[in-house]
Structure formats: C-alpha cells, structure tokens
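> Here's the letter readout for the chains.
There are 2 protein chains.
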Amino acid sequence: MHPGDANYKHPDRPQEKITGRASGNNRIKQKSTTNSQFPSSSKANYLLPFDILGGRSHSEWYFYSMIILDGRVASKAIKEKLSNDVKVLVSKGERPPHLAAILVGKDPASEFYVSSKVKSCEETGFKSTLVKYEDVSEDDLIEKIVELNKDETVDGILVQLPLPRHISSKNIISAIDPEKDVDGFHPVNAGNLMLGNESYLPATPYGIMLLLEHYKLDIKGKHAVVIGRSNIVGRPISILLSNNTHPGNATVTLTHSQTADLGKICADADIIVAAIGKPGFVKAHMVKDGAIVIDVGINRVDDDSPKGYKITGDVDYENVAPKTSYITPVPGGVGLMTIAALLKNTLKSRLLRI
Amino acid sequence: MHPGDANYKHPDRPQEKITGRASGNNRIKQKSTTNSQFPSSSKANYLLPFDILGGRSHSEWYFYSMIILDGRVASKAIKEKLSNDVKVLVSKGERPPHLAAILVGKDPASEFYVSSKVKSCEETGFKSTLVKYEDVSEDDLIEKIVELNKDETVDGILVQLPLPRHISSKNIISAIDPEKDVDGFHPVNAGNLMLGNESYLPATPYGIMLLLEHYKLDIKGKHAVVIGRSNIVGRPISILLSNNTHPGNATVTLTHSQTADLGKICADADIIVAAIGKPGFVKAHMVKDGAIVIDVGINRVDDDSPKGYKITGDVDYENVAPKTSYITPVPGGVGLMTIAALLKNTLKSRLLRI
Chain U
1 MHPGDANYKH PDRPQEKITG RASGNNRIKQ KSTTNSQFPS SSKANYLLPF DILGGRSHSE
61 WYFYSMIILD GRVASKAIKE KLSNDVKVLV SKGERPPHLA AILVGKDPAS EFYVSSKVKS
121 CEETGFKSTL VKYEDVSEDD LIEKIVELNK DETVDGILVQ LPLPRHISSK NIISAIDPEK
181 DVDGFHPVNA GNLMLGNESY LPATPYGIML LLEHYKLDIK GKHAVVIGRS NIVGRPISIL
241 LSNNTHPGNA TVTLTHSQTA DLGKICADAD IIVAAIGKPG FVKAHMVKDG AIVIDVGINR
301 VDDDSPKGYK ITGDVDYENV APKTSYITPV PGGVGLMTIA ALLKNTLKSR LLRI
Chain Y
1 MHPGDANYKH PDRPQEKITG RASGNNRIKQ KSTTNSQFPS SSKANYLLPF DILGGRSHSE
61 WYFYSMIILD GRVASKAIKE KLSNDVKVLV SKGERPPHLA AILVGKDPAS EFYVSSKVKS
121 CEETGFKSTL VKYEDVSEDD LIEKIVELNK DETVDGILVQ LPLPRHISSK NIISAIDPEK
181 DVDGFHPVNA GNLMLGNESY LPATPYGIML LLEHYKLDIK GKHAVVIGRS NIVGRPISIL
241 LSNNTHPGNA TVTLTHSQTA DLGKICADAD IIVAAIGKPG FVKAHMVKDG AIVIDVGINR
301 VDDDSPKGYK ITGDVDYENV APKTSYITPV PGGVGLMTIA ALLKNTLKSR LLRI
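First to last, the sequence lines map onto chains U and Y. Take 1 as the starting number for the first sequence in the working numbering and just add one per residue. Take 1 as the starting number for the second sequence in the working numbering and just add one per residue.
What the hints contain is simulated information worked out from the structure, not anything from laboratory work. Treat the hints loosely; a few may be bogus.
Pairs count within a copy or across copies, as identical chains cannot be separated in the list.
Within a straight-line C-alpha distance of at most 30 Å, the following computed DSS-like cross-link-like pairs (lysine-lysine) qualify [unchecked claim]:
id: 1; residue 1: Lys127; residue 2: Lys106
id: 2; residue 1: Lys170; residue 2: Lys220
id: 3; residue 1: Lys216; residue 2: Lys132
id: 4; residue 1: Lys170; residue 2: Lys278
id: 5; residue 1: Lys278; residue 2: Lys76
id: 6; residue 1: Lys264; residue 2: Lys283
id: 7; residue 1: Lys81; residue 2: Lys216
id: 8; residue 1: Lys170; residue 2: Lys92
Turn these sequences into a full structure, and let the hints guide you.
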C-alpha cells in the first residue's frame, strides 16, 4: 500500500515497477500491479477500509519500494535550467549573475562549502568573487559588505557562517542589502518569508522545497514534524511547509530540545525533517512506515577510512530507510539542493536588477 | 490530578482550595488537600504510575478547578504599571508616550477597537492622536505615515485594519518606520520575531504571552496546538510559544484549513490557541481534560438582545470550560490583553527615543 497521497510518485518511475519493501517487522511480498485507487487522503492510511482495498485484505496489500530523493539528480536538473537561463541572458547582451562570497578564517568545513558554491557558479555560467580573510575586524567586514552592496555588478552576497567569535553574525547579516541577501538571512527576508510575501528564501529550506517540487510530492494536509528550531533550517522550513503554497499546506509540528516525547511525535509524522546536527539521531522506531524523511544533518564522524572521517546525516539511514516511502541520502541529498537554491536566488536578484 | 506541570498555579490561589470539576464524563469528588508531589512532566499525565500517585488509585486522584485567565485583571495590572512608569517619566521632565492611530472608513468594529485604544491611552497617561479619514487614497495615506514617521513627538503609529480594498495593507504597513511599528506588522519586526531578536511583537500574540506570564503558566515542553495561520495571530503566536524564552519552549503544531483530523490533533494538546474566526468552533470533544484554552476569536453573533448581537469566541465556552484547567473568556480575555500589549510597545518606543 502506498503510504499517503496518490500524487506521491516519482515522476520518472513507472507505476508498474512496484517492489516489496520492509514494513516494520513484516516483509511484504513483491508484486507488480497498478494502484490507481490510492485514496487521496492526508492520513497515512495503513488501515484502509476493506472496500477501498478492492476486496483484498490488508495482508494482501502491496507497497511501493522506498525511493531516494536524490539531491544530485534534482540539483543537476535545476542547474541545467539555470545554465540555460544564463545563456539566454548573455545572448541578449546582459552580464551573467554575479555572486560574491566572503570567507573568514580557515575552518575546513567552511572552506569546503564556499569552494563548492564557487565551483557551482562556474558550472552554471555565473560569475563569482571569493573574498577571503584570514582574520578581519567587524567594522572592516561591514565596510566590505557596504562596498559590495553599492557595486552594481554584484547580485548576491553571502557570508559563510559561522564567523569568528569577535564578529557578530547578526550585525554582519543586517549589513547586507536585503535585495542582495541571497542566503535569505536578513530580518526583512525572514519577515517576508513569515508573512508569506515574496522574499529571498534561506538556501537550505528553499532547497528542501525544490526537492519536494522536483519529486512532485504533494504534502498538503500531511503531518510534518521538524526536529530543530534553528533560524537557518528548522524555523524557516516549518513555516514554508505550512504556508498556503504548493508544495506546502502541511500541518507542521516544530520540535526542539525541550520537546517531551519526541519519539512518539515523530512516529506519528507523515514527513520528518531532521535538522538537529546529531549523527544518527532519528532511529527506526521514531519513523512511521511509509513516512517521507528529509535529512538535513551534515555531521563529520571519525572512522577508519583514509580520510579519517565520514559524513553522516541526522538519520540512522541504514535502519530508517527501509521503512520510508522517500528519503534523502547524506551526502547527496539536501546539501546539494542548498547550492542550487543559492544559485536560483542569485539569478532572481540578477533578473530583478535589469 | 493536576493535568500538567506543578508550576501551573495561579499565583494568588492558595494550594488548599482545590475543588472538584468535570473531567470528561466523570465528576471527581471535591476534596481539600495539598499536592506537592505533582509530577513536573510535560505530558498531561492522566494515567500516572501508581507510585507517583502516592499509593492512591486513579479514581482517588483530585482535580484543580478550572481557572479563568481574566484579561480584565491581567490588563489592569499591566496598565497600572504602565501608568506608574509614565508618571515617573513625566516627573523627570520627559513627555509621555504618544500613539498615533489612523482609521479609514466607518466600519463599526474598527471604530470600536480604535476608540478602545484611545481610551486606554487616556487611562494610562499616554498621549494619543486619532487621524480619521472617511476615505483616502493610498498615496495620501502613505504621505501621512511618512509625516508621522518624521514627527519626533510620535512614538507609535498604528493603522487600524482592515483597510478599504483600494488600499494595499502591505504597502501601508511597509511605509511605517519599523521603530514606530507598535502593532508589530512590519516585515522587519516579523523577521526579528521569527529570528528571536528584539522586536515590536504584534499586539495580540504579545498580549497572549503577557497573559501566560501574568498567570505564571509554564508552558515549557507542553504541546500547544494553534488553530489558524494568520499573520496577525496564528503564525506569530506559534513562533512565540516555541521560541527559547520564558514563557515559551512549547512544542507547537500549527493547524489550518488544510489540516486533516484537526479534532484529533486538538484532543492531544496541552494548550489550544483558537484563532480561526468561527464562533464556537472548538467543541468539547476536541479538548483534553485539563488543557489550557486561549480563545482569540471575537465574533459577532446575532441574538435577541436589545443590541441584536453578542460577542462570542472561537470556543464553545459553555461545554469546553469545565474540561479545562485554564481558559480565557470572550469578551474579557485576549482582546483586553491586545490593548495592554500595544501600550507596552508604545512605552518601549518612547523609552528608546530618549
């Protein structure tokens, strides 16, 4: 049985290719069939009435296999579209979009993220400028931002976080012109997001929405549980999922460190968004059969590999994935979407500047 | 048994005065006792383990009576404090806070709200200016707002909503200086609310938080269900309840017109905030025994009274109230807190201007 809405289908996936998958402790037999009668209810109808089941009993019902929400596939599709848009722009004699990225310090993770963004700019025909400081004062950094704000050839400004302790992220973000704030962290953009107005959406939550859109997942009326209330992911994604948009219109519960009985709340969810920064935090018993699981975690965990570490998400993927209808891998999931979203914001800013 | 946390006590209410009240279909016997062993769990522990019950069985356990969260009492206390603060300010040779209210058109409800606000200003020693238009163009209204923005003797500007159709509320609100936006509707204030920064909180959600504070209700870890996702109440209160503040730190589910199984979600809630604008929408079966119910609705319902109507909330008060631990009446609840919150914002703006 399909766990949710009839629209929850991979666009490229033929209806006939239905395979068995784990459902709690029960393995369901593999069988090919078409299931056009899936009810479009917002509940995960694991106990459908007999008539909806077409006269078959529950034990005879069949499952879709788990589908990976592949950030590589979705971000590639978005970047190809962006690349074409830039070509059209340039063919009309306009300059390409230009992203200015600022990196302070030598944090290896930050260096990796910024260089990924710069590389993605190159791949899609965007211009990028990387401003690197070994160290810098808050005043000098603000001065640089003011300069970039005034520079009419710059469309987007991003300051890679976290910043060193002596610099207030809040002051830095507030200094960015909201119309160039392609990371969507400025209070004006946060406010417009909250109010459902046009804004630059923060890149990670926007990336998640783009992923849902790419896989044509209709989340209307579904119960989404967001784990983590950070300003960068948890809070904004909880708003975007519940706004009156498409995708959107989910019923959202935002959970956090003070939440009681998190496991029970998660186990009721049709959709789980894990953004808590704890490797393997979401265990199989916290996930309902057929749920959609979005893993935002990017955690570095020591291992015996030559690198000495591996990147893992906030979800115990190995045990959770077989229970889900859709799940994002880490790496290769939300992280790549974040960059695609950033580029989309930068192109939008470029087009608004013509 | 007390439905929630040991801290959930009216500050002025002696512990000994415990009276029976309705619990679902069962009436619990009245008995005086002190209950220092109430568990500080965030779940509504209606089925406590036997040992926590001190050896008594569930049927021997006792209930607090329902307590009215009285907006008259709480707003009076806040206004008395504001009044004193203004006296101190004036005694130092400073001018009192000054609220400028703008009313467009002749909607009786809007006229009533604005005149209540002006009257409250008078009562607390605030200066107020009422700018009334029978009709006005958007441009002329914006011009007036710009004038008030520049006027250094004005601390707060509020435009009574709704506005006539030919005027864009969004444009009008955006025209108000965020530092004088004591209604807290400007995107900058919305964004700072969302980000947990200092801001002018929108008056109704802020009023609800002040009411929780007045009655010293600790909502940390409780499950709050907000009904309605408006920018004026539902969305911001869902954020305030879940922010890492005190009161705050609740686990919040925001529900709306697309929510499936609303009754079931509400019936699990420790706290319900009804802000949907439908008279008597929240029925007894949707409310858990011992829940806290905040009724934001102000609905005009026709009746046989000389006035021809009565004001009712979004909650079926008569049937719901006996099940709750705390409930706001309508009128006399959240509405009065809204005005107190507005005055608090205006005083804050005045103090920041010195």
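> When the hints from earlier in the document are held up against this structure, which numbers fail?
Going through the list in order, the structure violates hints 3 and 8 and respects the others.
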